[in-house]
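K.L.:
The numbering used here applies: residue 8 is where the sequence shown begins, and numbers increase by one.
Honestly, the hints are just simulated from the structure, not real lab data.
Hints are not guaranteed to be accurate.
Each pair of labels, with its calculated beta carbon distance range [what the hints assert, rightly or not]:
#, residue 1, residue 2, range
1, Leu176, Pro120, 33 to 39 angstroms
2, Asn167, Gly257, 18 to 24 angstroms
3, Glu173, Lys283, 16 to 22 angstroms
4, Glu70, Leu256, 20 to 26 angstroms
5, Asn167, Ala198, 48 to 54 angstroms
6, Arg177, Ser23, 26 to 32 angstroms
7, Ile71, Glu47, 21 to 27 angstroms
8, Tyr86, Pro201, 17 to 23 angstroms
9, Val143, Arg33, 39 to 45 angstroms
10, Ala141, Glu39, 28 to 34 angstroms
11, Ala198, Gln62, 17 to 23 angstroms
12, Pro120, Lys283, 31 to 37 angstroms
13, Glu117, Pro201, 34 to 40 angstroms
14, Val175, Arg248, 55 to 61 angstroms
Cross-link-like lysine-lysine pairs, in silico, DSS-like; alpha carbons within 27 angstroms at most [to be verified]:
#, residue 1, residue 2
15, Lys171, Lys271
16, Lys259, Lys27
17, Lys243, Lys283
18, Lys148, Lys174
19, Lys174, Lys27
20, Lys27, Lys243
21, Lys148, Lys243
22, Lys271, Lys243
23, Lys171, Lys283
Heads up, the beta-carbon is just placed ideally off N, CA and C, and yes, glycines get one too.
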Amino acid sequence: MAYRYPEGQPVRYAFSFDMKAQGMERFRETSEGVIHVMNEGTFGDGFVRLRIRRQETSRKRVEIAKNRQSTDRSISDIYPHLSPNVIRQDPADVRFSFPVDACGRFAIREETPFHFLFYDSLCHFLPAFSRNPAAVGGTWKTYVPVILGFRYMNNEFTLNVENKLEKVLRLSDGRRAARVSFTFSGRFDTAEDPYAVRFSDAFRSEQRIVNEVMGGGEAVFDLDAGLVLWKRLTVKVVESRSREVIRELGEKDGRRLTRTDWEKDENRYEVNETWKLLP
């Protein structure tokens, strides 16, 4: 299985996006529109340059509170910043492109060995394929190095993706398609190996950061055209930060009394997204 985006011809997907947030943030955001993917030619050995644009037709955010305030968000065309590993003709140009290989893996650089896990980015990274042939029922593993959001602070970690070729289908026009399923998970914890060594003892004695990602999805892939025909994805993210706080308890016999506690802030997000190839 291999991606074959036609050079110079836009590939379009209708998408629907739904994100729920609970915790410090409490909202639900939905949007619909079209994803445009353009192959701008080869880049290096085995990569093509993909320019991606998200054209929204609707976007709404509902704050989950007593008044359930609803806001129609500004509709815009967005060049999603999926990764720091981009190709730009001009440093000020927002219309960057991404180097992607035939397996669907986005390239990384030694100085920035990660992508951004934000909003709908995982739907662009999956599914990815093995270089080896797969039979029905066959499985393969892929990996997506990520950080949550855009702020880098030694917080990159790896999503481990388990993929399976469920079935080969025959389309109405005679072409062959593969139904693929995948699940993924990854966890970053400043207090646990292999990430604890990145942080000083002083940092770990006063705070702890945990990022956890899990989910899965499925896709139908046109084996002859080399394009995803349809896919859906569910992503669950937990972001938590604990910090040491000293609480004043008053005085006793002229001595200041305190108690050390840990305060924890946590946000949970669930993203559901579906893509369908347009004619």
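K.L.:
Next step is simple, just say for each hint if it's right about the structure.
P.N.:
Outcome of the hint check:
no. : hint                                : result
1   : Leu176 x Pro120: 33 to 39 angstroms : holds (36 angstroms)
2   : Asn167 x Gly257: 18 to 24 angstroms : violated (50 angstroms)
3   : Glu173 x Lys283: 16 to 22 angstroms : holds (19 angstroms)
4   : Glu70 x Leu256: 20 to 26 angstroms  : violated (37 angstroms)
5   : Asn167 x Ala198: 48 to 54 angstroms : violated (20 angstroms)
6   : Arg177 x Ser23: 26 to 32 angstroms  : holds (27 angstroms)
7   : Ile71 x Glu47: 21 to 27 angstroms   : violated (41 angstroms)
8   : Tyr86 x Pro201: 17 to 23 angstroms  : violated (34 angstroms)
9   : Val143 x Arg33: 39 to 45 angstroms  : holds (44 angstroms)
10  : Ala141 x Glu39: 28 to 34 angstroms  : holds (33 angstroms)
11  : Ala198 x Gln62: 17 to 23 angstroms  : violated (42 angstroms)
12  : Pro120 x Lys283: 31 to 37 angstroms : holds (33 angstroms)
13  : Glu117 x Pro201: 34 to 40 angstroms : violated (19 angstroms)
14  : Val175 x Arg248: 55 to 61 angstroms : violated (46 angstroms)
15  : Lys171 x Lys271                     : violated (38 angstroms)
16  : Lys259 x Lys27                      : violated (48 angstroms)
17  : Lys243 x Lys283                     : holds (22 angstroms)
18  : Lys148 x Lys174                     : holds (18 angstroms)
19  : Lys174 x Lys27                      : violated (32 angstroms)
20  : Lys27 x Lys243                      : holds (10 angstroms)
21  : Lys148 x Lys243                     : holds (20 angstroms)
22  : Lys271 x Lys243                     : holds (19 angstroms)
23  : Lys171 x Lys283                     : holds (20 angstroms)
Hint compliance for this structure: hints 2, 4, 5, 7, 8, 11, 13, 14, 15, 16, 19 are broken, all remaining hints hold.
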